[in-house]
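Asks: Single-letter residue listing:
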Amino acid sequence: MLYLIFYGFALTVIIGLLASWIDRKVTARLQYRVGPPILQPLTDIIKLLGKDTLLPEGASKMTFFMAPIIGFSSVVLASTLLWMNSVNHSHTFIGDLIVAIYLLTIPSLSIVMGGFASANPFASIGASREIKLVLGYELPFIMAVFVPVIKSGFSIKLGQILSFQLVNGAIALSYSGALALIAAVLCMQAKLGLVPFDVAEAETEISGGAIIEYSGSALAVYKLMKNMLFFVLPFFLIILFMGGFRFDGFNFLYSVLKYIGLVVIATVIRNTNPRVRIDQAVRFFWGPVTAIAVIAVVLALKGF
Amino acid sequence: MSLKLKALLKSPWVFHLSTGSCNNCDIELLDCLTPRFDIERFGMVLAGSIKHADVLLVTGSCTRQSVIRMKRLYEQVPKPCLVVAIGECALSRGMFIHSYNCPVPLDKIIPVDIYIPGCPPKPEAIIAGVVKLIEKVKKEKRCEK
Amino acid sequence: MMTREKILKDLQEKFKSDIIDVFDKSPKRVYIGIRPESLRKVAEYVVGILNARFNIATGLDARRHIEILYHFTLEDINLLVSFRVKLDRTSPKADSLTDILEGANWIEREIHEMLGVDFRGHPDLRKLLLSDDWPEGVCPLKADYKEWDKKAIRDRGI
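These protein sequence lines are chains U, R and H, in that order.
In terms of the working numbering, the first sequence is residues 1 to 304.
In terms of the working numbering, the second sequence is residues 1001 to 1145.
In terms of the working numbering, the third sequence is residues 2001 to 2158.
Hints are computed from structural coordinates only; laboratory data are not their basis.
All of these numbers come straight from a predicted model, not from anything done at the bench.
Some clues are possibly wrong.
[Stated by the list, open to error] Taking lysine-lysine and the DSSO-like style, the derived pairs with C-alpha atoms no more than 30 Å apart in a straight line are: (1) H:K2041 x H:K2025; (2) H:K2086 x H:K2151; (3) U:K25 x R:K1108; (4) R:K1136 x R:K1004; (5) R:K1141 x U:K223; (6) H:K2006 x R:K1108; (7) R:K1122 x U:K223; (8) H:K2150 x H:K2086; (9) R:K1071 x U:K25; (10) R:K1071 x H:K2150; (11) R:K1079 x U:K223; (12) R:K1071 x U:K61; (13) R:K1071 x H:K2127; (14) U:K157 x R:K1141; (15) R:K1108 x H:K2093; (16) R:K1122 x U:K61; (17) R:K1010 x U:K25; (18) R:K1108 x H:K2142; (19) U:K157 x R:K1136; (20) R:K1071 x H:K2146; (21) U:K61 x R:K1079; (22) H:K2041 x R:K1108; (23) U:K223 x R:K1071; (24) H:K2093 x R:K1071; (25) R:K1138 x U:K302; (26) R:K1138 x U:K25; (27) R:K1006 x R:K1138; (28) R:K1108 x H:K2086; (29) R:K1108 x U:K223; (30) R:K1079 x H:K2151; (31) H:K2127 x H:K2025.
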């Protein structure tokens, strides 16, 4: 229970909001601007909680309000699972890697659900684009996740992957691990809904996409879910490829640097690329990125 | 001042609505988002949909066709919402006051909180106007108490 | 390539009975006044044989008649030819050019709603720019337009 409330919810929220602020500040600096102050993401959420929540006529009430709650709760659960395994490697159970992958797919599907529940043509366009994007990036992501599984002796327990990396060094330092990390970072960019793959929530093109009809508290839950996802996904990648979060002395600083490094990579990719169309995005994921992931899996099977 | 209002003033999301303008005021407004007059440091972000908006920036003299749509849009904004009228055409139709297509000025249709004159107003004037709006809202709430 | 003088001489010879006057304003602009009946003939010739391009049509309310100007460009020699048609003020009628020039469709709708000109043969003569609650027959750009809206506010409130 302690893990759920403290690690799963509170710590994730704080670090997620901080990461979102880092992203906005780095973007502003890259564009020769001054960015927002440090409490800005928190102020956004508090302000959204104080506005009216409007339900569009013709939308189904149940689905419309349950969609953000489902996404939010799945992110909290996934975060709890990952923290439990990081703090104590023996809290793991068989198949918790698969549970984590499933739980991390649900936020995107909740956006789709919310988009189709609002009776709005723009929302339908945004939601259908999001479904196609999910089809695109899930394939190379799962193949990239195969590599740590193979290298740590075909085990699907997160705790065993972490223990293997404690003994033998991070998986990203081998050839197959590095290639798989590259593929996984590109898939993370799409999962987070950042440019160049943010077709589902294209702000100026389809005026908000799947979340066009959300306002007030429901939108606050969505924004909070997105910010928390900004923490949980790089954390997942660090656990799988870079040796996980460690709490002892110098390694703690090193882990924090690893996390900030991933956030900065996502921000830099976000600022130097234009938005791609949905067919270009799916072709990109099923073409080069899957090729990289397949090569990484083959190299891992050979033992590199 | 209540937490709700404080949060509203610290992160107002703007939505830009043009009711038949010559687009000069719109260009000056979009200039405010550029790195030179950066307004993201005040927390202002351009919202994509009207349901995410806190501040409505209205330009243009209200033509007959756009008044119908603007009334519908104003009803869809989640309150509390502030309305800013930018440019001479939004204040009192400016030089189009005797035109056949602009019967009523903006503030007879929706309640306006602050007026920013100019044709078009410079981005510095727009920023000064928004700062005065924030001061006015703070003073109102303190007087109410 | 036909030069400017040759084109003007050619037009004046071919349509001797239709042209009322020719006004040579500048090397780039020529205004040619023609009769309303021969509008279609001249337009067909200019677009078909001389390969000119239809630019736009302008309508205006002179005090005693209503004029429509049709602007054609001849790009190779940098010339803009405007054909001026003077119509009767009480009930202006003209021929529609929509079947030979597809681009004349919307501008004739606009001239119809703003000046009250009736274009014979136009396939779809309805309002283009005015709003749906505008009364029929009231033409805003005519000199005798009166304010019909009782709820309009025309003072600045000072």
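Asks: For each hint, tell me whether it holds in the structure or not.
Replies: Outcome of the hint check:
no., hint, verdict
1, H:K2041 x H:K2025, "24 Å, holds"
2, H:K2086 x H:K2151, "36 Å, violated"
3, U:K25 x R:K1108, "41 Å, violated"
4, R:K1136 x R:K1004, "16 Å, holds"
5, R:K1141 x U:K223, "29 Å, holds"
6, H:K2006 x R:K1108, "61 Å, violated"
7, R:K1122 x U:K223, "33 Å, violated"
8, H:K2150 x H:K2086, "34 Å, violated"
9, R:K1071 x U:K25, "37 Å, violated"
10, R:K1071 x H:K2150, "20 Å, holds"
11, R:K1079 x U:K223, "19 Å, holds"
12, R:K1071 x U:K61, "25 Å, holds"
13, R:K1071 x H:K2127, "23 Å, holds"
14, U:K157 x R:K1141, "57 Å, violated"
15, R:K1108 x H:K2093, "41 Å, violated"
16, R:K1122 x U:K61, "45 Å, violated"
17, R:K1010 x U:K25, "17 Å, holds"
18, R:K1108 x H:K2142, "29 Å, holds"
19, U:K157 x R:K1136, "59 Å, violated"
20, R:K1071 x H:K2146, "27 Å, holds"
21, U:K61 x R:K1079, "20 Å, holds"
22, H:K2041 x R:K1108, "53 Å, violated"
23, U:K223 x R:K1071, "29 Å, holds"
24, H:K2093 x R:K1071, "40 Å, violated"
25, R:K1138 x U:K302, "68 Å, violated"
26, R:K1138 x U:K25, "28 Å, holds"
27, R:K1006 x R:K1138, "9 Å, holds"
28, R:K1108 x H:K2086, "43 Å, violated"
29, R:K1108 x U:K223, "36 Å, violated"
30, R:K1079 x H:K2151, "29 Å, holds"
31, H:K2127 x H:K2025, "35 Å, violated"
Violated hints, listed in ascending order, are 2, 3, 6, 7, 8, 9, 14, 15, 16, 19, 22, 24, 25, 28, 29 and 31; each of the other numbered hints is respected by the structure.
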